[in-house]
Amino acid sequence: MVKLKKIILKLIIVTEISKPRISINGSTLPSARKISHSLITEPIDPHISCSMMIAQWAMFINEDIVHAGITTLYEGNQSKPLLCCNQQYTHPECYPIEVDKNDTIYSTHTRCLPYVRTATSPRENCSLGPREQVNQATSFLDASHIYGSTMERANKLRAYQNGLLLSQQNSKYHATLLPNITDGTCWNNGSSQKCFLAGGEFTNLFPTQTVLHTIWLRQHNNIAKQLKAINIGWDDEKLFQEARRIVVAQIQHITYNEFLPIIIGKNRLRQYDIKLRSNDYDSDYN
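To convert, count from 1 in the sequence shown and add 593; that's this note's numbering.
Treat the hints as calculated values from the structure; they're not laboratory data. Hints are supplied without guarantee of correctness; some may be wrong.
When the alpha-carbon atoms are kept at most 27 angstroms apart in a straight line, the in silico DSS-like pairs for lysine-lysine are as follows [stated by the list, open to error]:
1) LYS694 / LYS627
2) LYS787 / LYS749
3) LYS627 / LYS612
4) LYS749 / LYS673
5) LYS749 / LYS694
6) LYS831 / LYS821
7) LYS765 / LYS787
8) LYS787 / LYS673
9) LYS765 / LYS694
10) LYS831 / LYS749
Could you put the whole structure together from the sequences, leaning on the hints where they help?
Below, the structure is given as structure tokens:
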């Protein structure tokens with residue numbers, strides 16, 4: 594009987610620690626959308642010198658170092674999103690965000706924003722405690738969102754010829770584009786719509802993210818072609834890996850030399866010793 598009580602108590606604790614945070618008086622927290630809508634009330638003025646690309650580069654880098662996994666459903670070998678705004682059937686991992694009727698943006702066409710909780714990660718030493726998130730991306734600035742964080746994804750992205758990444762040609766504009774997703778994981782509302790495949794999961798989230806991924810696909814392939822021209826004896830693997838290293842270095846340089854000085858300032862770069870050297874090599878950056 595004592596053993597049974599311990600098991601029941603453990604189950605109760607596990608259930609409670611998996612619940613979302615509540616307010617200090619025990620009630621549920623207000624809708625995340627209501628908070629953001631209430632706080633952001635002043636008009637957004639254009640910056641005097643910075644463009645929206647600052648925010649887009651931040652998102653681009655974020656995709657490189659952070660990818661929180663979420664619960665998905667599978668039908669055969671194809672994954673499908675959870676329908677978290679379905680009032681009849683709700684998955685326990687769903688925590689839909691309610692939209693207030695006075696919301697000036699969303700209330701005209703929806704009262705619910707779908708939200709799926711991030712996947713659970715084992716705690717350190719498998720100890721009992723609050724639910725932890727799992728990061729499915731590498732924690733380095735290594736362009737994993739371009740090349741993939743797993744061998745399975747990386748293999749889908751390579752052309753396996755002359756060190757190139759897989760691409761497609763747009764015959765109308767004679768432009769090199771990202772390859773299309775073909776395994777059914779692109780969720781859209783019409784058969785004519787297509788989604789692009791890259792190393793990360795947010796390639797199709799915004800047009801600007803698609804543009805950045807396309808730019809770096811072309812950059813990798815251009816570098817691989819130049820390397821092949823001056824290193825005739827290099828095989829596909831050598832060309833690919835060397836082109837990849839150069840791309841990673843370029844992304845790191847842009848981030849530390851151009852992006853971070855705008856975000857945190859040059860004084861902070863010096864304070865934390867992350868300011869780039871002008872004529873030296875440093876292996877501390879990642």
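Measure nothing beyond the straight line between the CA atoms of LYS749 and LYS673; if it is 27 angstroms or shorter, mark the hint as holding. holds, 20 angstroms
Is LYS831 within 27 angstroms of LYS821, Cα to Cα? holds, 10 angstroms
Pairwise hint evaluation, LYS612 against LYS627, where the allowed Cα distance is 27 angstroms at most: The given pair, whose Cα atoms are some 21 angstroms apart, holds under the 27 angstroms limit.
Pairwise hint evaluation, LYS749 against LYS787, where the allowed Cα distance is 27 angstroms at most: holds, 17 angstroms
Need the status of pair LYS765, LYS787: alpha-carbon distance at most 27 angstroms? holds, 16 angstroms
Hint check: LYS831 vs LYS749, CA-CA at most 27 angstroms. Holds or violated? holds, 18 angstroms
Hinted pair LYS749 and LYS694, Cα distance within 27 angstroms: violated, 45 angstroms
Given the hint that LYS765 pairs with LYS694, test it: the Cα-Cα distance must not exceed 27 angstroms. violated, 45 angstroms
Is it true that the CA of LYS787 sits at most 27 angstroms from the CA of LYS673? holds, 16 angstroms
Do the alpha carbons of LYS694 and LYS627 lie within 27 angstroms of each other, as the hint requires? Between LYS694 and LYS627 the Cα gap is close to 10 angstroms, so the pair holds against 27 angstroms.
The earlier numbered hints that this structure contradicts are 5, 9.
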